[in-house]
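Undergrad: Mapping the first sequence onto the working numbering, position 599 (from 1) lands on 599, and the numbers just tick up by one.
Don't take each hint at face value.
Here are the simulated distance ranges between beta carbons [what the hints assert, rightly or not]:
1. Arg230 / Arg550: 29 to 39 angstroms
2. Glu383 / Arg71: 56 to 66 angstroms
3. Gly519 / Arg274: 48 to 58 angstroms
4. Gly604 / Asp387: 43 to 53 angstroms
5. Glu630 / Glu354: 42 to 52 angstroms
If you're looking for bench data, these hints aren't it; they were derived computationally from the structure. Even for Gly, the Cβ is constructed at its ideal location relative to N, Cα and C.
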Amino acid sequence: MRPFREVLVSIARCVGERLGIDADVVARGFDVPREEFGDLSIVLPRASIPRELWDSVEGAVRGCAFVAECRRVGIYVNMRLDRARFAELVARACESPSYGYLELLGGTRIVVEYVSANPIHPLHVGAARNAALGQSLARLLRAAGAEVQTRYYINDVGRQVAIMALGMSILGEYEPPPGFKEDHWVGIVYAMTNLFIEVEGIRRELALADDARRSELLKELDSRLADLARLKDVAPDLFEKLSDEARKGSLSERVSQLMRAYEAGEEWAKSVVRRAVELCLRGIRATLERFGAPIDVWDWESDLVWSSEVRKVLEMLRRSPYATMHKGVPAIDFSPILKDRSVRERLRIPPGLEIPPLVLMRSDATTLYTVRDIAYTLKKFREFRADKVINVIGSEQVLPQAQLRLALYILGYRREAENLIHYSYEMVQLSGTKMSSRRGRIVTLDEILDEASKRALRELEARGSADPGKAERIGVAAVKFALLSVTPSRPIRFEWENVLSFERNSAPYLLYTYARARGIERKAEERGIPTGYSELLARADLSKLTESDRRWRLVKLVAQFPEVFASAVESLDPSQVATYILRLADEFNSWYDEDPVLREPDEGLRYAKMLLVKWVERVISNALKLLGIEPLDRM
RNA sequence: GGGCCCGUAGCUCAGCCAGGAUAGAGCGCCGGCCUCCUAAGCCGGUGGUCGGGGGUUCAAAUCCCCCCGGGCCCGCCA
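Starting from the given sequences, assemble the full structure and let the hints guide the process.
TA: Listed below in structure tokens is the structure:
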């Protein structure tokens, strides 16, 4: 039920009929004006109402159901709604515990792939934004009635994984030392091994360099050695072992060997790599669980390579009419179909975007990421019988993601190509130093959550209730909310104070607001006042409820929730929900302070106020759940 | 060099897709409010050439073009 929409449509239809204009067209002219002008207005030029009819619109609107007052001011026709009738509509709509959720996607099946971070280090802030978005998207789509499956693509077939796995095998010990979480330990091993390899490379180049290049290289070498020195203190044992191995021979060559052997499915390589990756995933999985970003299916990239799936895709591509050679290796040249505007449009490829040829394989015959991803995309569609696949992936991958859709298209998988969504978001930038997992310098999601949780506990203690479990939930919610409340296309500059904000525009503020509402209800129960929905509704005098502007404003805001939901689902944008709850909470808190509920002497009004509290409570709760935040009864 | 994204108050952001009435929040700063349903709150004040310039329009933060600043991409990496 959509109270606001119902009223809008009803008035549009009524006006349309009276003026002989299509109601849908009229509806497009509706707008919610600033408060002093009324509750709803029609912007005449936008409603495509011919100028000669403008004078008669006011009369037509007056007398439509739900309209209490109406006045034309210039190009606007402003109206005030019949508050009591509207409130009754809201009362009926809010009777449902799932108020606001609309069955917009009933029967559709959607895969949401998110995080899919390389299993070589712990999740960092960037992955946190991805996780926050992905989990919220899944919840949003489920609330809209879709069958949703979340997946994590384990990229275990790259050079980086081979570096990490080599480091782990040199170390020879797969359990992290006490005090280290698995993924954090793996991250250290990866960074250190990688640094040794980089140093190796720089030294090799140094031997052949001229003077200018030489000083440059020396500077780079210094910086690597400084990073290494830092890591040496953390893991001295590993440092010794890597030094020994580095003296024996080329680590870089061993990485290449391992990578080739792993792709070929050789047992020794499998056991080395899988063991190391599994270890890292244990840590990552724990973090995602803690963050409330659950994954339904974990897919190993290597499985696609070992089975014939990637090879099949490769063969199809090589036989395609778009096949060509690029710098001596087989590739796909998309330029012919890119000239077709309609293809670009259907595949959502920006008109100005130039797409370089897609190289199909390395000259050593190993496979490439984008080609493997074609096979993976088909697998996602196939296994879940998905209508749509959403990939939550950073904006830096627009190009390969576009190539992916194009490749599917030329292979004849048009439905898949058209329904593969690259859900792109901008990066999280660190204010000071640049983050680098290759060098072991990252801000991890774990440390952010630890800090948030700690801070929430301090706040709780200051209020005399030190519950670590509650603090953890508040802390996690704060971080999630901070990452979700910014439009995905906007880059976030990571600031601790920002992510850990517990004031007005924050999850703790919303949780607090909800708990306040629950507090009223709890108090009522203690006093033996009925609090059930139907009991309240039977006793409430809704006409009195809307006598006050502040309460009326709240009623209208509550009525907006389904519209916000619809828009958020349509545009796949959780930040709209976030913005909306903040507005609702602000309004509720202002009201809370100036207009007591339980001390209201007028019985009909008192119950009506209690009903209003219940609506707000329901909306905040349902909205928070869309973001992956569970409300708390008490703070 | 080309492409994509972003630029709104000192700071963090909403509004831009589907143009409309004096551009909205929060933080910060200044001043008030706890014998009363949770002060993570409330009330008041402070603060903006909507990056700049053109254009389209009765009307532009919003649409188009140019320019400036920032981020990202343009790899036999992922």
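Undergrad: Decide, hint by hint, whether the structure agrees.
TA: To see whether the hints hold, each was checked on the structure:
At about 57 angstroms, the CB distance of Arg230 to Arg550 disagrees with the hint of 29 to 39 angstroms. Range check, Glu383 to Arg71: about 59 angstroms between beta-carbon atoms, so the 56 to 66 angstroms window is met. Under the hint 48 to 58 angstroms, the C-beta atoms of Gly519 and Arg274, about 52 angstroms apart, fit the expected range. Take Gly604 and Asp387: their Cβ atoms lie about 49 angstroms apart, and the range 43 to 53 angstroms holds.
The hinted window of 42 to 52 angstroms between Glu630 and Glu354 holds, with their beta carbons roughly 46 angstroms apart.
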